[in-house]
Every structure is written in structure tokens, then in C-alpha cells.
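What follows is each chain in one-letter form.
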Amino acid sequence: MNGISNPMNGTDEESNGIPALLLSEEDNVVTLLSLAERGDEVRILSGGGTLAAADSIPLYHKMALRFISRGETVLKYGVAIGRARQDIPAGAWVHLHNLESFLDEKSSFLDLHTGVDTGRRYE
Amino acid sequence: MTSWTGYLRSDGSKGIRDWILVVHTVECARFVAEKIASGEENVCCIGYDPCNDNDYAIRLLLALSRHPNAGGALFVGLGCEYTQPRRLAEVTEASGRPADWFFIQDTGGTLTAVAEGKRRLAALKERVEKNRKPVSMGWQDLSVGCECGGSDATSGLAGNPLAGRFFDRLVDRGGTAVFEEMAELVGLLPELLRRAETPEAAEEIRAAYDNMVRYCTSVRQYSISPGNFAGGLSTIEEKSCGAYAKSGSRPIRGVIRVSERPSGKGLWLMDSLPDPYFMQFGYSNPHDTEGLMDLLSAGCQVLFFVTGRGSPVGAPLAPVVKITGNSGTFLKMEEDMDFDAGPILSGETGFDEAALELESLVERICRGDRSKSEILGHREYAIGCKFQDTGRPRRC
Numbered sequence: 001m002n003g004i005s006n007p008m009n010g011t012d013e014e015s016n017g018i019p020a021l022l023l024s025e026e027d028n029v030v031t032l033l034s035l036a037e038r039g040d041e042v043r044i045l046s047g048g049g050t051l052a053a054a055d056s057i058p059l060y061h062k063m064a065l066r067f068i069s070r071g072e073t074v075l076k077y078g079v080a081i082g083r084a085r086q087d088i089p090a091g092a093w094v095h096l097h098n099l100e101s102f103l104d105e106k107s108s109f110l111d112l113h114t115g116v117d118t119g120r121r122y123e
Numbered sequence: 001m002t003s004w005t006g007y008l009r010s011d012g013s014k015g016i017r018d019w020i021l022v023v024h025t026v027e028c029a030r031f032v033a034e035k036i037a038s039g040e041e042n043v044c045c046i047g048y049d050p051c052n053d054n055d056y057a058i059r060l061l062l063a064l065s066r067h068p069n070a071g072g073a074l075f076v077g078l079g080c081e082y083t084q085p086r087r088l089a090e091v092t093e094a095s096g097r098p099a100d101w102f103f104i105q106d107t108g109g110t111l112t113a114v115a116e117g118k119r120r121l122a123a124l125k126e127r128v129e130k131n132r133k134p135v136s137m138g139w140q141d142l143s144v145g146c147e148c149g150g151s152d153a154t155s156g157l158a159g160n161p162l163a164g165r166f167f168d169r170l171v172d173r174g175g176t177a178v179f180e181e182m183a184e185l186v187g188l189l190p191e192l193l194r195r196a197e198t199p200e201a202a203e204e205i206r207a208a209y210d211n212m213v214r215y216c217t218s219v220r221q222y223s224i225s226p227g228n229f230a231g232g233l234s235t236i237e238e239k240s241c242g243a244y245a246k247s248g249s250r251p252i253r254g255v256i257r258v259s260e261r262p263s264g265k266g267l268w269l270m271d272s273l274p275d276p277y278f279m280q281f282g283y284s285n286p287h288d289t290e291g292l293m294d295l296l297s298a299g300c301q302v303l304f305f306v307t308g309r310g311s312p313v314g315a316p317l318a319p320v321v322k323i324t325g326n327s328g329t330f331l332k333m334e335e336d337m338d339f340d341a342g343p344i345l346s347g348e349t350g351f352d353e354a355a356l357e358l359e360s361l362v363e364r365i366c367r368g369d370r371s372k373s374e375i376l377g378h379r380e381y382a383i384g385c386k387f388q389d390t391g392r393p394r395r396c
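Line order of the protein sequences matches chains U and L. Just so you know, we're using my numbering here: the first sequence kicks off at 1 and counts up by one. Just so you know, we're using my numbering here: the second sequence kicks off at 1 and counts up by one.
Some hints could be false.
Claimed, not checked - Interface residues of chain U toward chain L, partial, derived using beta-carbon atoms under 7 angstroms:
hint	residue
1	T31
2	L35
3	I81
4	D104
5	T114
Stated by the list, open to error - Label-pair restraints from in silico Cβ distances:
hint	chain 1	residue 1	chain 2	residue 2	range
6	L	V219	U	L35	34 to 40 angstroms
7	U	G119	L	E348	41 to 47 angstroms
8	L	R220	U	L112	17 to 23 angstroms
9	U	S56	L	P286	33 to 39 angstroms
Everything labelled a hint here was simulated from the structure, so no lab data went into it. The C-beta atom is built at its ideal place from N, Cα and C for all residues, glycine as well.
Build out the structure end to end from the sequences listed, making use of the hints.
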């Protein structure tokens with residue numbers, strides 16, 4: 001979890017693009033510090049390099065740094081935060097639709113944007 | 001060396017506030033208890049709802065009545081309930097704090113009971129004032145508890161790591177730090193074990209972790225909610241990485257449970273999860289107020305609440321310092337938020353600089369400045385039923 005102590009390394013770089021944090025070298029996702037529209041160039045702080053966003057991605061959400069195959073472990077902070085539910089292309093938004101917890105099965109039945117449980121009946 | 005004036009208690013602990021509690025021992029007495037406390041300076045109301053008693057709840061009521069920031073307590077019962085206000089008052093009195101009690105049914109109706117309560121409270125206030133012992137205190141006498149809630153992805157990037165940085169500085173000066181949310185450490189057992197100060201601490205951590213996983217899988221409820229998802233956290237494992245960051249980097253001395261005080265200075269992990277029992281009580285972490293009560297029960301005089309998405313809640317007895325890593329949240333909810341850690345994320349400030357700024361805010365609060373939740377009068381409380389084993393040692 002090396003990234004936690006100082007995730008801000010390199011934020012002073014001057015350049016264009018949506019800034020994104022790579023929290024640990026082995027991570028396959030980055031965290032966006034501004035929202036990205038599909039096609040926007042995302043600039044990876046501390047890791048260097050850029051990548052085009054394949055989806056519109058909300059503020060502080062995750063983007064795949066490279067192709068992640070179905071069943072593969074998703075790493076953030078160098079920690080396994082879940083498993084890919086499907087193949088995820090590089091630049092794609094990584095969230096409830098394509099990532100699931102190893103333990104919490106509920107995470108697969110939630111509205112992608114609000115996180116609200118869509119299966120709950122109110123009647 | 002930094003010092004300020006606090007209140008000495010007979011167990012040697014020191015408070016930064018001198019609250020008098022009005023405690024209802026059953027829901028039926030709540031209205032009267034609230035009326036008694038209403039409009040009174042430095043008096044706040046807490047209590048317990050069910051008519052049936054519960055060891056965990058009684059321990060918690062007594063931990064709060066004997067909190068370093070508590071100077072005395074008035075217990076108000078209805079008269080039918082299992083939980084006995086007289087017994088609670090006796091134990092509180094034995095801790096060197098003036099205490100009193102009465103039953104509504106012995107006294108009269110609502111108006112009569114409120115008048116009787118006000119009369120007893122006035123007498124209690126006089127005794128608390130006479131009993132007051134000002135004392136010099138500093139970081140080494142301070143215990144700070146930290147929980148996070150309403151988290152978004154900024155909590156793990158700025159808010160919690162900043163609280164962790166503060167914890168490191170507090171521990172290095174001989175203070176005490178308590179972090180909690182055992183149910184938000186999913187996937188981090190190896191990290192936690194690596195930081196255990198002793199083999200015994202490692203055993204306690206492993207036992208608490210295993211119990212947490214058993215509990216969460218059996219009730220199929222994890223400590224993550226719609227707002228967390230919307231804020232960019234996709235799984236409980238991801239949220240856990242952020243929640244863990246509030247622990248800082250110092251060795252973990254051991255695991256304490258609700259209503260246990262740490263047995264020494266340094267960094268401690270609070271475990272509030274229920275143990276196996278024939279009744280499965282509630283959910284893990286039903287809401288943030290329970291978490292704040294857990295930290296109070298360990299004697300923390302100051303509470304940190306890290307919240308990326310924002311929350312209005314406060315607590316009885318102790319100032320809640322609300323920290324957000326999300327500057328948008330700070331702007332939107334500035335009336336509730338005490339500290340904006342967002343500038344760390346935008347690169348305008350660094351962790352060390354922000355930690356110093358946070359420390360000076362805490363020092364001012366210890367000297368008597370009020371946190372936002374105190375100014376607004378937030379004193380949310382929740383004391384429910386639960387089963388927790390009290391035996392030691394707790395091993396796998």
C-alpha cells in the first residue's frame with residue numbers, strides 16, 4: 001500500500017489532460033481527479049503517460065489502465081479490490097457493471113450511477 | 001510543550017469538557033429526559049430504548065457516564081424497565097462523579113416529572129461545580145478516536161491519510177489514538193498483522209478479523225452503501241483500503257471492544273462487531289452514530305469523522321471534528337465541516353502542512369473552541385442491543 005502515504009507525487013507537473021492517480025505501481029486502474037468525457041485524454045500522474053478515456057467517467061471514479069480480462073483481479077493501492085466480471089478494455093470506466101467484490105454479492109445488483117439497490121421493492 | 005487546562009477525574013483521566021448527562025433508561029422515559037436537559041447549559045441527553053436489558057448496553061451507558069468529558073449524570077427511568085437507574089447512578093457516583101436518579105412512575109405525570117428532574121439537575125450542577133478539579137493537560141493525556149462515513153474516493157486519498165498523519169504525530173508524543181470500523185478492513189488482514197506490535201496483538205487482530213468476516217457473510221451485509229458507490233468506490237475491499245488509511249503507520253498495540261479503555265498509550269483498533277449468539281443483533285455498522293458511540297466508550301475526548309460526501313452528525317460528550325477530502329463537499333456543507341483536506345488532492349498543500357493545520361485546530365478545540373457540530377448542538381446518540389464477549393484473551 002505504498003501509494004497511501006503520498007499519492008500526490010508528481011501533481012505539480014504542468015501539462016494538459018484529465019489528471020489521474022496511479023496509487024501503486026502494480027495497479028491496473030487509476031483514479032480520476034476530474035470527470036472525463038469519452039475520448040478525453042487522461043494524464044497519469046506519478047506513473048507518466050496518457051490514455052484516452054473509452055467511456056465518460058465520473059469524478060474520483062476508476063479507469064482501466066490496460067486491458068483487464070474477465071476474472072482478473074483489479075488492483076488499487078496495490079490491494080485486490082475485486083474481480084473483473086467481464087473483459088474490460090483499456091480506458092474504460094471500472095465500476096459496478098464490470099467489477100465485483102470477492103465477498104459481497106450485493107455489489108452486482110446496484111444502479112451504476114446512484115449505487116441504489118434496484119431489486120428492492122417499495123410497496 | 002503544548003498544554004491546556006482540563007478537568008481531572010478520580011481515575012486519573014482528564015477531560016476537555018465537563019458535561020452533565022441526563023440518561024433515560026428506556027424509550028418511555030425519553031421525552032421527560034429530553035425536556036429536563038432542554039435549555040440547560042452543558043447538559044445533554046442520551047439513553048437506551050428497549051425495556052429488556054442488555055449487558056452490552058449497560059456497559060456502554062456506564063462507559064459514557066464515566067467518560068473523561070463527563071462530570072456527572074442524572075438517570076431517569078419510567079419504573080417498569082429492566083435497566084435500573086439507581087444501579088447506574090451508584091456506579092457513576094463511585095467513579096467520583098455526582099449522580100442522581102428517579103422513576104417517573106414514583107413522581108407523577110410528565111410535567112411533575114420534568115419539574116422534579118429540573119430540581120434534581122440544579123442540585124447536581126452545584127455538586128459538579130464544587131467537585132470540579134482544573135488540571136493541566138497535553139497531547140499525552142489526549143485520546144482521539146477516528147471513524148469515517150459517507151465516504152467517497154477522496155476519503156482514501158486525502159481525508160483518511162491526513163487523519164492517519166495526525167495519529168502518527170499524536171502517538172509519537174505519548175497520546176492515544178483509536179481507529180475503528182473492523183468491518184471496513186476487508187482484504188487487509190496481512191497489512192494489519194504486519195503492523196501488530198506484539199504476537200498477542202496479532203492474535204487479537206486475527207480473531208477480530210475472522211469474526212468480522214463470519215458476521216458479514218452470515219448477515220450478508222457489508223459496510224458499504226449507495227453513496228459510497230456513487231462516490232467512486234466499487235467494492236467493500238476498495239472502501240476498506242481508504243478506511244484503513246486513517247490508522248496512520250504506527251504499530252497497532254491491540255484490539256479493544258466497545259466500552260473498553262485502551263490499557264496503554266499508542267494506537268488501538270476498536271472492534272464493535274457482535275460475537276456469535278443465539279440472537280443475531282442488528283447489522284455491522286448500522287450508521288455513523290454507532291461508530292462515534294464506540295469511540296466515546298473507549299474514553300476518546302475528541303472524535304474525528306472523515307466524510308468525503310459530507311454528514312451533519314455530531315455526538316454527545318465530545319467535539320466531533322469533521323474532515324473531508326472533497327473540496328466540493330466542504331463548500332456545499334461548510335456549516336458542518338471543520339476541515340477541508342481537498343487542497344491536498346489539488347496539490348495546493350501537502351500532508352505535513354495539512355497535518356500541522358489540523359493539529360492546531362484540535363489544540364484550539366481542546367482549549368475550549370467549539371467544533372461545528374458542537375456549535376450547531378448536534379448530540380446524536382444510539383445505544384442498542386448487541387452481544388459482545390468480554391473475556392480475555394481473545395484468540396482464534
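**OP:** Output the numbers, in ascending order, of every earlier hint that fails for this structure.
**Re:** The structure breaks only hint 2.
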